[in-house]
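*Asks:* Quick mapping for you: the protein sequence lines, in order, are chains A and B.
In this text, residue positions in the first sequence follow the numbering used here: the first is 1, and each later residue adds one.
In this text, residue positions in the second sequence follow the numbering used here: the first is 1, and each later residue adds one.
Think of the hints as simulated: they come from the structure by calculation, not from any bench.
Here the structure is a predicted model, which is why all the values come from computation and not from measurement.
What you were told as hints is all true, and nothing was included just to trick you.
Listed next, with one range per pair, are the computed distances between beta-carbon atoms:
#: 1; chain 1: A; residue 1: 354; chain 2: B; residue 2: 66; range: 23 to 31 angstroms
#: 2; chain 1: B; residue 1: 10; chain 2: A; residue 2: 227; range: 30 to 38 angstroms
#: 3; chain 1: A; residue 1: 354; chain 2: B; residue 2: 21; range: 31 to 39 angstroms
#: 4; chain 1: B; residue 1: 27; chain 2: A; residue 2: 196; range: 29 to 37 angstroms
#: 5; chain 1: A; residue 1: 386; chain 2: B; residue 2: 40; range: 48 to 56 angstroms
#: 6; chain 1: B; residue 1: 73; chain 2: A; residue 2: 226; range: 19 to 27 angstroms
C-beta atoms are modelled at their ideal positions from N, C-alpha and C, and glycine is treated no differently.
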Amino acid sequence: MTDHFFGYPRPDGQVGIRNHVLLLSGTLYANSTCERVAHTVQNTIPIVHPLGRCQIAPDLAQTFRTLVGHGRHPNAGAVIVIDHFKEQGCTADEIAHEIAAAGKPVEVVNIRRDGGAISATAKATRLAVDLNRQINTQKRERSPLSKLVFGVNCGTSDVTSGLASNRCVGWVADRVIEAGGRVIAAETTEMFGGEELIKARAKTPEIADKILAFIAAMEKSILACGVDLRGSQPTGDNIEGGLSTIEEKALGAMKKWGTKPIVGAVGYAEPIGEESGLWVMDSPGHGGESITGIAAAGAQVMSFSTGGGHTINHPLMITMRLTGNRQSWAAMEETMEVDVSDMFQGTPLEVAGRRLLDEILAICNGRMTKAEALREWNGFAINRCGPSV
Amino acid sequence: MLQALVIDPQDNVANLVGAGARGAAVACRVEGQVEPVYVELCGDIPANHKFAFTDIKAGLPVVKYGLVIGRASADIPRGAHVHVHNIESNRCRGDRT
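Chain B extracted, bound-state conformation (with noise of 0.2 angstroms):
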């Protein structure tokens, strides 16, 4: 079975390890904890990419290694991809100042 990390139990987001299709099931290794979580894919996702551990609703604060990495810039479902395409920076946006 497909094997993910969730680095700090504080997390919203998992990191696969290698490549994963759509519906695959995905053994998660929370930080921690003795017993995998199991999260089913609803997307594609590339090699190492992260994908979404829990519910993520847009604009709320996207966390991995227990800290914020950035937020949601759309509304992403649990098993999704976690990308460029919907989170985004809160730092040095210049484009916004």
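In isolation and in its complexed conformation, chain A is listed as follows (with noise of 0.2 angstroms):
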């Protein structure tokens, strides 16, 4: 088994397996000068939102929380925070001021205090030149296993997921726990029904408790709406590809988790801890909003396993794609890396998980996913927990 892969270590202990600029907006009136900066310097990535002001202490708090945990991430050499004018409790000074702390470079360029939308492009186009040339002289170092997190994740299920692709994700992923690695799960709404396995899983019974409870707080706040979760969850195209009931999309879903103990349980994008093994998050079911936070945690790479097919991908996470299902990979091969359709052929699972692993090793080596060779970022949300004020 290979125990090592090609990465850019941090001064935080973390290594990247990407050395980007990261323009980071911290509310969505900056925007746009984020995206032209994006479109004018190359090696740097937009990561742009709907938030960052009116909202809720907890929700505004929660949004903090991601986007410094972004700033943070390994994969981002160098961060350029810019912001409108002055938020409340989530300036791009104060985002800055927690990045620097991981060692970093980190500039902040403010639209009005830099003299308008057009100056304060100009002002982050010189920064994105300036920071790129002063780390793209860094080289890959060769990096145990042990300092990989790895993310996984699902979407767009379908029957073939939690027969085929979902338990190839669980291969490898007790694989990187085996040699040392962590791996981060998610997906509150896909663990309903799962409680026994949460139950039998957990290194101590604090944590399955933490996990139950997110559990419990989640279906609590679906029953607050008064509505069945059918017409929800499963989705529509959950349904037509033949997951009946979120039980059965939730049980599925589990079998990304492979077999290894869960050694902790952490709220929507807060940091993990250094301990190897399983990490549990709580986030939706929602894709978007699910790999957002478990890339605020660190997660240098992820799989995305899909049973219809998906475009999702995180900017800053790089986002592997894989399905089950052959009619998928057909006709969505163009944003896939992975065909393990052939394990209903009779491809027994430690050969389909092996070039699962293959293909991830060689994409924390450098090899580009084809989202990133069409620069496509469309896995960017964060999730709520208030409203707007």
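Hints in hand, dock the two standalone chains.
*Replies:* Written out as structure tokens, the structure is:
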């Protein structure tokens, strides 16, 4: 088994698998400036979103934590935080201050302070050029697999997901943990019905209780709407693909978790601990919000398994898509990396799982995903826990 | 012959590999068992969907992966398509509170 990859060691001990200049929008009114710079300067990644202001405190704290987590992400070698004027409790200066603790170069551009959107674009463009020249002499170094944080997620699931692709992801998750690495799973909605598995897998009863509390809170918030979850979950494409209930979808989704103990549970976009093993994060089933939470915790690479095919990818956490559905591979190969549908013709799990692991390691070592080559950024979305006010 | 997977020996549903037509015989591979179990489909089954591996009475649990994935909302005979028309979730039924 390969026990290493080649990455960019960061001052805080994390290891990146890319060395990008991140253009991090602090608020929706800086999004266009971020995007202009990203179109102009190579090796930049824009993170844009509709949040950052008029949010109640816990919700704003979640947005802030998510943005800081992305600034600290090891795939960003340097960061420019771009702000519109002055937010309350989520300023670019505050975000940059937290990112700077990770020891990487961080700059702030403020549209009003820097003379308007055109002037701010010019300033951020110059900074992005200079930061690129500053970081791009760094060489990849041999890093143990124990430095890998592997995110697992799935979407547009169908019956093949639980039988093929998610099982392959679980097989890879086990290998990463055996090498001393960490795995992050999420999607609380897709744990409904899997409570007994969680109790059996959690390292301590306290960890199990914490995850069961995530599930209970999610279920309570859905029940509070006074409607049947059916109509929202399973989704239309899930049902078309043969999944009948949220429980069936969940039990198939949890195949991604592999077989190793759950060593910890964290809230949305919270950092995970140092212990090797499976970490479970509270998040909705919504793909973009879920993978964004996992990225904020520092996963360098993610497997996203799908039944119907997908275009999802996270801008910073490199996202590899796979399917076990041959028709979906034929239809959606342009935005997917691995086909494991031959498992239905008898290919053993170890063989298909190895194929996935080889692709993940190649991606860690620099192979572009199709999304990277296409410069697609379809998967950044911050979860909300309160209303806009 | 058509193949189907019974993922756990406790399951009362099987997953068809590909699509199947009414009257077709299906060799069901049951996890942990050497010999397949043969079931005749009593309705058309879309690609990769489930069918009943045993008769399932209305109200009783539907079991897949060895765990409950919902309950039958109608009597389901062996070999019949199992999906949203005849099983329902036990979770998050805000419509019933």
